[in-house]
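Asker: Sequence:
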Amino acid sequence: MKIILTGLFACFITLAQAQGLKETLTNAINNLQADDQFKHSIISMYVMETKSGKIVFDKNSETGMAPASCQKVITSVTAFDLLGKDFVFKTELVYDGEIKDKILNGSLYLLGSGDPTLGSWRWKQTSEESITNKITNAILAKDIHKITGGFFGDTQRWGSNIIPNGWVWEDIGNYYGAGSAALNWRENQYDLVLKSGAVSGAVVSIVAIKPPMQDVQLLNELRTAGKGSGDNAYIYLPPYSNKGYVRGTIPSGENNFVVSGSFPDPPKQLMNTLAKALKDKKIDCPKTTIYLASDEKQKLPSNLTTLLTMQSPTLDSINYWFLKKSINLYGEALVKTIAYKQLNIGNTDTGIAVIKDFWSKRGIEKPALNMLDGSGLAPANRVTTNALVTVMQYARNQSWFTSFYNALPEMNGIKMKDGYIGGVRSYTGYVKSKTGIEYTFSFIVNNFDGSAGAIREKMWKVLNLLK
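To get our numbering, take the position in the sequence shown, counting from 1, and add 219.
Check the hints yourself; a few may be wrong.
In silico DSSO-like cross-links for lysine-lysine, where the CA-CA straight-line distance does not exceed 30 Å [claimed, not checked]:
hint, residue 1, residue 2
1, Lys495, Lys273
2, Lys498, Lys353
3, Lys258, Lys361
4, Lys304, Lys543
5, Lys353, Lys634
6, Lys319, Lys353
7, Lys365, Lys309
8, Lys518, Lys544
9, Lys543, Lys429
10, Lys343, Lys518
11, Lys501, Lys273
12, Lys560, Lys575
13, Lys518, Lys273
14, Lys309, Lys498
15, Lys309, Lys429
16, Lys273, Lys677
17, Lys278, Lys560
FYI, nobody ran anything at the bench for these hints, they're computed from the structure.
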């Protein structure tokens, strides 16, 4: 009897706490809605007890919201389940023809599989120097010093559209708007080194482009703004283009101000880099170029011999940086890879369809995941907080959960993914209260007014109520 009474008492305490938290959150959200910054906004918040699955708070949880980078948790969890935490991308170096007297009477082919880490500085084994050395060393190990045909980067496993539908002109061309190709390079990122003037309105100079891009012209329209005004420079350079514009402002008095952009043609940038590497190692090759997915006349020979297979870090390592640093490129590569592995079609729309089908079988209606990409960069994405909490709850019960959980950033003392694009602030994650109850939550605001930093602080105060 004593055990039963103790159990009932614990249940009453838990129920009282839940009812008290619901009232507290209701008041907090009402206060937010009365704030001038939130006057014209839509607020959605969904909170669940992690262990029991009991709903603690629900505000517009079935309303589709622009989720920004919180959408990454959907891509991440799906990739863990469909690809596996030990999945690796493989990039193969192959050749056709015969090797005789140090001459390859044929061609080399680099077969792309969408590895987003190729040339990345985040791992020693994926660095630009490491990759170029692996390739040139593999060629020399076969005693090849001359190639009669050429060196071709093959991108035919994936489609030609490297940018997801729905991305906006202001984002495309900048490092966070890097598209995903079958052959990526250096996270498809380059840096502009800028020097500003001494006064507002003065011309800003482009000091250097690192690494250099061949056949690409950037027209500089940058101007100097007041000291401490921040980075307001944007690069407008669409995919496959050889002309772009740099617009906006940077602060005065800057001599080494860096703005990062995205390569308009990542496979071309990679093959240009490899052409130089071959030349440096005195390997004679008449040309380097790309086999395009859209060109039906370009077909790989049937008899190919493998020289080298390069593997990426495992998915759990890639996912760590995907969530921790919110790298959009990684999300887009994972969506296309999911599509290719499931249906042998490497494009974004197919990957999104696979993801929506996956979650529809696990309780999330397809309209609740109105996704255009894998990273959340498209402003037209619409996802419900109910769906995000469902995804987070699902992850909790999987064997790979520790890898997923460790990749979530910690901010404001909470393990959660955050998101921010124009007019959008979002958070989804896990938090434990002082009483030991753990909550899974998603909290999104769309169409706020004024400072994004102020919005963050006000939303964090609400989340503090869960602690």
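Asker: Mind checking the alpha carbons of lysine 518 and lysine 544 for me, to see if they're no more than 30 Å apart?
Answerer: violated (38 Å)
Asker: Given the hinted pair lysine 365 and lysine 309, is their alpha-carbon gap at most 30 Å?
Answerer: Holds. Lysine 365 to lysine 309 sits at ~26 Å (cutoff 30 Å).
Asker: Starting from lysine 518, check that the Cα of lysine 273 is at most 30 Å away, please.
Answerer: violated (56 Å)
Asker: Given the hint that lysine 498 pairs with lysine 353, test it: the Cα-Cα distance must not exceed 30 Å.
Answerer: At roughly 15 Å apart (the allowed maximum being 30 Å), lysine 353 and lysine 498 satisfy the hint.
Asker: Taken at face value, is the distance from the CA of lysine 429 to the CA of lysine 309 at most 30 Å?
Answerer: Answer holds: lysine 309 to lysine 429 is near 27 Å, not above 30 Å.
Asker: Taking 30 Å as the top limit, are the C-alpha atoms of lysine 501 and lysine 273 close enough?
Answerer: At roughly 67 Å apart (the allowed maximum being 30 Å), lysine 273 and lysine 501 break the hint.
Asker: Is the straight-line distance between the alpha-carbon of lysine 319 and that of lysine 353 30 Å or less?
Answerer: holds (22 Å)
Asker: Given the hint that lysine 543 pairs with lysine 429, does the C-alpha gap stay at or below 30 Å?
Answerer: Holds: lysine 543 and lysine 429 sit about 25 Å apart, inside 30 Å.
Asker: Is lysine 560 close enough to lysine 575, meaning Cα to Cα at most 30 Å?
Answerer: holds (16 Å)
Asker: Would the pair lysine 309 and lysine 498 pass a check requiring their Cα atoms to be no farther apart than 30 Å?
Answerer: Satisfied, since the Cα-Cα distance of roughly 25 Å is no more than 30 Å.
Asker: Sort out whether lysine 361 lies within 30 Å of lysine 258, counting only the CA atoms.
Answerer: violated (69 Å)
Asker: Is the Cα-Cα distance between lysine 495 and lysine 273 30 Å or less?
Answerer: violated (60 Å)
Hint compliance for this structure: hints 1, 3, 5, 8, 10, 11, 13 and 17 are broken, all remaining hints hold.
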